[in-house]
Amino acid sequence: MHWTDEDLVTRSRGGDLDSFNQLILRWERPIYALAYRVIGREEDARDVCQETFLRAFRALPGFKGQAKFSSWVYRIALNLCRDWMRRQRRAPTVQIPEGVDPEELATVAGPAESIEDLVSRRELGTIVAEAMALLPEEQRTAIILKEYHGMTFQEIAELQGCPLSTVKTRVYQGLSVLRRHLETTGMAPQLVRRI
Amino acid sequence: MSHVFECGENAALVGYVYDECDPRERQAIDKHVAGCVACAAELASLRSTRESLANWAPPEVGLGFQIVRSTRSLPETRETQPPEGGGSEARSWYARPVPVWTQAVAAALIFAAGATLGVVRGIAPTTEVPGAAPISVVDDAASISDLEALERRLRAEISRIPVATALVDEVAPAASEEQILGRVRTLIEESERRQQRELALRTAQVVRDFDSQRQADLAQIQSSFGQIEGLTGAEVREQRQMLDYLIRVSQQR
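Quick note, the sequences are listed as chains A and B, same order. When we follow my numbering, the leftmost residue of the first sequence carries the number 15, and every step to the right adds one. When we follow my numbering, the leftmost residue of the second sequence carries the number 48, and every step to the right adds one.
Only chain B is shown next, with the shape it has when bound in the complex (with noise of 0.2 Å):
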């Protein structure tokens, strides 16, 4: 059964300026329009009331959202990023991020084979030399004297003690067996200090050399920016020259 519009039926009204109204109903508006004033009035305001709803658009924004699964295998939405060679999943191995727990671990492994190498090597005497100073630990913030007076010091240390074969020399031939014994003893444990102290000196040395060849290069990196800017310098002055020539010479003319 089709509806009969009758005068002031504002919602027939609303359905006729959306379009949303039977052929029959559209009709009967239409006719009724032709001849009433108010709801032709009703009708034009309608319209333009519509008309100005054009004009709220919502901004522009980037929306991008979508659907990951986490690591929890719990369903997140995300903001699309600009592509870089895939996501998360598609990162090396060497490119995910570490848990804390693993990085301490690797920390303490660390600590522990650099204090047992340094045990073994001897760099860390667990005795004390007599007559001779402790070893300090040698570390990057040591300045180039410090490790200037070091060598000095552990090559004098080197110096006091007897070589090996004038101590083999002074063996009597008549020694007894537990008195060689004695002897190669004692050589061996002043062979032990005698490599230690060289170890100790030879890496003061390496420590200087590298500190040394990092001052060089800071300094030869310093001195070629001065130059590039040197050079950027004297190209923007040309420049400069010839625009002022220029000028002048379009003045002139």
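Chain A extracted, bound-state conformation (with noise of 0.2 Å):
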């Protein structure tokens, strides 16, 4: 039988855990990926996905069902990121897959290079999460949400307590930074025709 997550949320609130782990089963690969986009690091990625169902739990006597729950734990998991910034007060970080060697990104947009061979390197994401990391954490966290997460721009504005209108801007000026950076890197115009 398909319980929706209002239904787990009941039963888990009456004291039934198989409930809430399999609320956390169904969400924990999202709230991963956006812990991992907003931070850049795998393992403190983890760490915060695993502390955002904890407090969730902690904190399910007080959730009322205002909000969907996946609504209440993306909040939870972007104020934990925030905080995890905030203590190591810096921009996230751009993990480098394995096999690439950080000089040869940096000199990414070499003549003899073709962007086949940058592709099959699997540099792209890499230069893409760099560009993500040189965002203000608004336009940062917007982007990745509607992006990645398919929000519509009025749940974004929830998230981020702003107008609509202000995410619809954050997103705007989001996309144009990783435009530039994309151009100043010299990928944009061919990845627009390779992909």
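Derived by calculation from the structure, the hints in this document are not laboratory data. Be aware that one or more of the hints could be misleading.
[Stated by the list, open to error] Computed Cβ-Cβ distance ranges for the label pairs, DEER-style:
hint	chain 1	residue 1	chain 2	residue 2	range
1	A	H16	B	A153	44 to 54 Å
2	B	G55	A	E172	26 to 36 Å
3	A	R96	B	D69	29 to 39 Å
For every residue, glycine included, the Cβ atom is placed at its ideal position computed from N, Cα and C.
Using the hints, build the complex out of the two chains.
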């Protein structure tokens, strides 16, 4: 039988631990992906993901279902990410995949290298991550929630506590910075044709 | 009231790109972009940037977090382990970890019981036997030669002690009651000493036999391993010879 999130929340609040673990199973990957993209570090993203569900479980008696469960845990995760970045006092890091030389990345626009080579070495994702790390936190978070989690502008506005128009502006400004970064690395024009 | 799109309104273009605008606004943007190069270029640029974002994926990791209740009844998360017949609650009592203090108490009890048994059986005599060397405690580290020396010494001491029947024969028929009682006491004491030595002797023998058996078993195991290795080596040699033969035959053809 398929339980909705609301059903599972109700059962969890009644003391059913299995139901809450089902909710974790359902949402741990999106939360981990969110934390990873916001923070940029695999291990810390795992920690944030784990802490998110632990906090959600502890706060479950106070959760009255006024928002969707997913929105609620997203909010917890984003707060934890914000705390993490405040503690680290730094921008998100970019983890370079195995087998990729960081110095090569710096000279990624070398004339001898073709875009096929770059794509084959899985650098494209790293360059995007690099570009995302340059964005202010609000813009980055808005783009991540919109692009990778399929939230509506309204949902993002509620999560970020700002007007809907502000979210759209943040997304637009973020995308513009990303585009400029890709252009400076010589990626953007070719990328459009390649993809 | 529906929003009317104006040229250069980038937030509206973002809504259009993400397909989050009402039909009338969409229609207005479509109409405008058809004639405005700048807005059309902006729209294409936003789309291509979105496409590049698709290449950024988080690494695949094993998560499997679960909330479990700890023994202190506080919730905690842990990563799911591969199922091996349930969690710690399902383990048998003998498989559960034993607290350190319980282990210490158990060790003390075993030591006390062993000491009591030793005193009762007289392995560790509280009084020195005249003319006899104190019996050393035989431990696992004693060698066979040590045990043999101990056995010889004990046999010599036992042979020096006169047997009870001989002592009984020496009792004079006319001896007084006190003398008889003294003799009996002497006999009992000597009998006790004799029993103590015999017990020590038997213990030494058992330890020596056990040690000999252990060494014999070890030798047999080593011999078996050697045989297996020898057999395996022979099989490998046979296979190698067969392979060489096949290679030669194939080369000749």
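Consistency of the hints with the structure:
1. A:H16 x B:A153: 44 to 54 Å: Since H16 of chain A and A153 of chain B have Cβ atoms about 52 Å apart, the given range 44 to 54 Å holds.
2. B:G55 x A:E172: 26 to 36 Å: holds, 28 Å
3. A:R96 x B:D69: 29 to 39 Å: Since the Cβ atoms of R96 of chain A and D69 of chain B sit about 33 Å apart, the hinted range of 29 to 39 Å holds.
Going down the numbered hints, you'll see the structure goes against none, and every one checks out.
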